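Sequence order for the protein chains is E and X.
If you read the first sequence in our numbering, its first letter stands for residue 1, the second for the next number, and so on.
If you read the second sequence in our numbering, its first letter stands for residue 1, the second for the next number, and so on.
Any given hint could be a false lead.
[What the hints assert, rightly or not] Short, incomplete list of chain E residues facing chain X, as computed with Cβ under 8 angstroms: (1) I50; (2) Y52; (3) D54; (4) W170.
[Claimed, not checked] Below, a list of computed lysine-lysine pairs in the DSBU-like style, where the Cα atoms sit at most 35 angstroms apart: (5) K160(X) x K167(E); (6) K167(E) x K17(X); (7) K124(X) x K88(X).
[To be verified] Partner residues aside, some chain X positions facing chain E, computed with beta carbon under 8 angstroms: (8) R16; (9) L35; (10) R38; (11) R39; (12) E41; (13) D42; (14) L161; (15) S162; (16) I163.
In short, the hints are calculated from the structure, not lab data.
Predicted model only: the values in this text are computed from it and were never measured.
Note that CB positions come from ideal geometry on N, CA and C, so glycine has one too.
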Amino acid sequence: MPRVDLNKRILEYIYECPVVEENPMYFTVAEEQDNSNQLLVGREEPRDEIAYVDGTVERTYRAEILMYKSVAYSPIVTEETSEGKRVPSDLYLNENLEDIEDGQTLIDWIQEQNDNRHFPNFGEWCIIESVETTSNRPVLNGVNPELEPPLAQYSVGLVIKYLDTSKQLWNN
Amino acid sequence: MAVSQFNLAQNQRAERKLLLTVAEWTEGTTQERELLGRRTEDSSIEYNADQSTTTDILGINYTDINKTQPQQDFDPYLILGGSKLGAKLNDIRRRNALSELSQFTLYVITAYVGNAQDGYQAEKHTNCTITYNSLGGDANVNMPISVFFSNEITNGTVNKLSIDFNFTPDATI
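Looking at chain E on its own, in the form it has when it is part of the complex (with noise of 0.2 angstroms):
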């Protein structure tokens, strides 16, 4: 039974999402610079897995996206109206609220995906579930002050359920 690169399956996925699809991609170690977007694979432990009767495992696969994004230190511009009241000023667009909708369109593409079961490709042996992120918020993770640009770092975290039949004495 041919081997599936699960983590190449991913990348081939989450390439499909725009956002990251014009924007380098590093797999598990990344040179960090504004706009770059790293897999970063988590653990998966054995304990985590849920055997079933007919001897197909339940299996979890986590990852996360980690986007890098140049960080601004302006502060929201507000402008003043005629009632007194200060508003956010269309002219003075903050670059921070810009970069973590980048997460924000990725985040909603997974679960768009999920909700249409269009999921990546495990290979024959491999039922997928489920794919969903761990957030429905990107994550802030820090900021990087000493690169020039300073850097934020941003997560987006994965989870992808998928039934392993390749165990299974049964054969349909």
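Based on these hints, arrange chain X on the given structure of chain E.
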């Protein structure tokens, strides 16, 4: 007839997947089969022995087993796309055609006895009953089922662990 030994190494435990329960029924003119236990983590055949015990004046117990009523529960039994048995039971449930629940044949295949060449030991129970116990659940629709074995048993072997197996009754001497 000699007792068949397990096809396991010394002290090797038999994996749960080596014990299979397969339901068989007729749909029109087509014979259908389905392996039970998809997405079920734990399921056992309960023999429900009906026993009676008497004690003589010396205090010694004599226990008789009058009958067994084997039963196996599958919980969860999820509504899954492609499940022919699930669709069959759901159709019976909708029509409340309860008598149709007792028209199943069940095979208990013990794949830890036998081999691919000579076949695996199996028991064929005819006129068995499969019933749905509830319908609902939380995230996914669950229809737990109970399987009642008839004890109308034919012992034999199956030639392979596949949906299209052939069951061969043991030769009677």
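Hint-by-hint comparison with the structure:
no. : hint              : in the structure
1   : I50               : holds (6 angstroms)
2   : Y52               : holds (6 angstroms)
3   : D54               : holds (4 angstroms)
4   : W170              : holds (5 angstroms)
5   : K160(X) x K167(E) : holds (16 angstroms)
6   : K167(E) x K17(X)  : holds (9 angstroms)
7   : K124(X) x K88(X)  : holds (21 angstroms)
8   : R16               : holds (5 angstroms)
9   : L35               : holds (5 angstroms)
10  : R38               : holds (5 angstroms)
11  : R39               : holds (6 angstroms)
12  : E41               : holds (6 angstroms)
13  : D42               : holds (7 angstroms)
14  : L161              : holds (5 angstroms)
15  : S162              : holds (4 angstroms)
16  : I163              : holds (5 angstroms)
Of the numbered hints given earlier, the model fails none.
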